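Trainee: Chains A and B, in that order, give the protein sequences. According to my numbering, the first sequence is numbered sequentially starting from 1. According to my numbering, the second sequence is numbered sequentially starting from 1.
Just so you know, the hints here were simulated from the structure itself, not pulled from any lab data. A hint or two may mislead.
To be verified - Below, computed lysine to any residue pairings styled on SDA-like, alpha-carbon distance capped at 25 Å: (1) Lys12(A) <-> Thr39(B); (2) Lys12(A) <-> Pro127(B); (3) Lys143(B) <-> Tyr59(B); (4) Lys12(A) <-> Ser144(B).
Please read all numbers here as calculations on a predicted model, not as lab measurements.
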Amino acid sequence: VTDLDTFRRALKGQDAAGHPSPERDAPAARALDAGQIMARGRRLRWRRRLVAGAGSLCLAAAAAGVVTGLSHLTRPPADLDLHPATSGRSTPVPGDTGGPAPSPEPTSVREGQVIATGIQAGDEELVFYAVRIHNSQLPRIRFGIMAGLRSRAGTLTPAVETNETTGAGTAPGFHAIEAPMNVGSPEVAVPEFGYYAGPAAAITAQQGGRTVAAQLARWSADSSIVIFWFPATIQTGAPVASLAAYSSSGHLLPAGHTAPGHG
Amino acid sequence: MARGDEDFAEFVRGSSAGLLRAAYLLTGDRHQAEDAAQTALVRTYAAWSRVRREDAFAYARRVLVNHVTDRWRRRLQEYATSALPDRPGDADVAEEVAQRQWLIGALGSLTGRERAVIIMRYFFDLPEANVADELRISVGTVKSTSSRALAKLRISADPPGGAPAGLPASPMGSDQR
Chain A
1 VTDLDTFRRA
11 LKGQDAAGHP
21 SPERDAPAAR
31 ALDAGQIMAR
41 GRRLRWRRRL
51 VAGAGSLCLA
61 AAAAGVVTGL
71 SHLTRPPADL
81 DLHPATSGRS
91 TPVPGDTGGP
101 APSPEPTSVR
111 EGQVIATGIQ
121 AGDEELVFYA
131 VRIHNSQLPR
141 IRFGIMAGLR
151 SRAGTLTPAV
161 ETNETTGAGT
171 APGFHAIEAP
181 MNVGSPEVAV
191 PEFGYYAGPA
201 AAITAQQGGR
211 TVAAQLARWS
221 ADSSIVIFWF
231 PATIQTGAPV
241 ASLAAYSSSG
251 HLLPAGHTAP
261 GHG
Chain B
1 MARGDEDFAE
11 FVRGSSAGLL
21 RAAYLLTGDR
31 HQAEDAAQTA
41 LVRTYAAWSR
51 VRREDAFAYA
61 RRVLVNHVTD
71 RWRRRLQEYA
81 TSALPDRPGD
91 ADVAEEVAQR
101 QWLIGALGSL
111 TGRERAVIIM
121 RYFFDLPEAN
131 VADELRISVG
141 TVKSTSSRAL
151 AKLRISADPP
161 GGAPAGLPAS
171 PMGSDQR
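So that you can see chain B by itself, here it is in the shape it has in the complex:
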């Protein structure tokens, strides 16, 4: 295997989990998530010789998010929650599944842009300026979108203890932008 391929294979091993997780949060569906993550990695490989010298994960992340949001723009895909996995098991597993169902449902209540901003900010932990750059929106839009999304989710940015309780009663929204 060529050196470049070895490096890329290592990159895939190291980045798959994060990209898949992000894709799952963005799409709400395992199969779509895998497709989106693979697509991001395919495009990263196609540009590997260039991006390997830069920040390859940032490139893959940007491709992933833009790929998913492009699909939203074209209305080819709805945020999918129907394919949520069900698995029997003990209480811990049940709790884990319940939390994931809430999470996916809650993200489903957001618009596509809100979801992308939330994932970039709080899953990838990107500064607002980087989110703005990667999504090609202004920092002000990142701030307002993030604030609005958190409010929808009833999540307080205040330290734990001062946050209001409550979950979205009907997490599935229809606006996918």
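Next up, chain A with everything else stripped away, as it sits in the complex:
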């Protein structure tokens, strides 16, 4: 193989005339199982609803209910109203209605305060908030984390939702880590995020040979849950590695599920 055309044909498994060569051992000789793929896709759709250009969710993000951008672990003031937003049911994901009816999807009732990140996406700000989950298939999972955008008027648009899918959602350790991704149109870069169950005061990871720190915010509805995100992953688009959580005294905490999922 010495010239580019020949190389192209070799890549494509074509003979000299450009016809497919019978590569009987190559994996391209058959179609994948669409039924199996759709079953996995439904589970994925259920677990992480990607809302691209979806209708907005109109939530009144009252100023008093917002945790400001954090560069370190913060606790919301005790006098803040921590009632879940009763109007916080998300709009359906428009496109998903064209597909099959997946198993019952969790409703996206916001629970607790909206967490501001200070990360701007056009005129909107990237925020995080917890949403309730009720699903018989996940009896030990009660909540997930939503990355969304908040307009200047306080309108929230859900973007990426993630939740634990194995075991208990509050078992000590990392949970529901979502790899960085671009969503929506125009695209918005959502950093790697997830939550930690336990007294994490600092969360770090490795990226490109250096240690990067996550931004943290304690969930207002359950102070044992720490929501985190890695702003550095917005630039790289690559997930971090070697996540570690530390207590306020510097002790390493249990790891849990540290592998990121991908939307």
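Chain A is already provided as a structure; the job is to place chain B on it using the hints.
Mentor: Chain B only, in chain A's frame:
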């Protein structure tokens, strides 16, 4: 079956071969290729209602390549050539297997980015600008990476006849980025 599912099933039938082939070239292993192609299609299905109105294959292709390169970044996977299929048979089959072994070995001499660029450019036949967009790198990086990769492979971009002969003597590299 819902209309959306029928459309997706048809999409799977039409795109499986290309995605599997690309995944095989990217990973060098049949099993990893199947896993990667399935993952790409699963994610495509999860976003089907949106991407079906756009370019679904482009979406699946982008997911596939980024999925594989993400794994390289995290060093969870080496380019695999040990699982190359062996099959006895006649001369044509032997030649076919030899060519595939060379191809996989040659691709194994490239870094992950080089391999991704080569697959996007010469397997999917994407223009440099599209490769840059899908891999989130500059067009200049696509050009230089492609040129460097072809040089490593000793492949000339000149018309046939003017190309130097030669194959990589030791196609397996260690740099997976």
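Trainee: It remains to establish, for every hint, whether it holds in the given structure.
Mentor: Quick rundown of the hints versus the structure:
no., hint, result
1, Lys12(A) <-> Thr39(B), "holds (21 Å)"
2, Lys12(A) <-> Pro127(B), "holds (17 Å)"
3, Lys143(B) <-> Tyr59(B), "holds (23 Å)"
4, Lys12(A) <-> Ser144(B), "holds (23 Å)"
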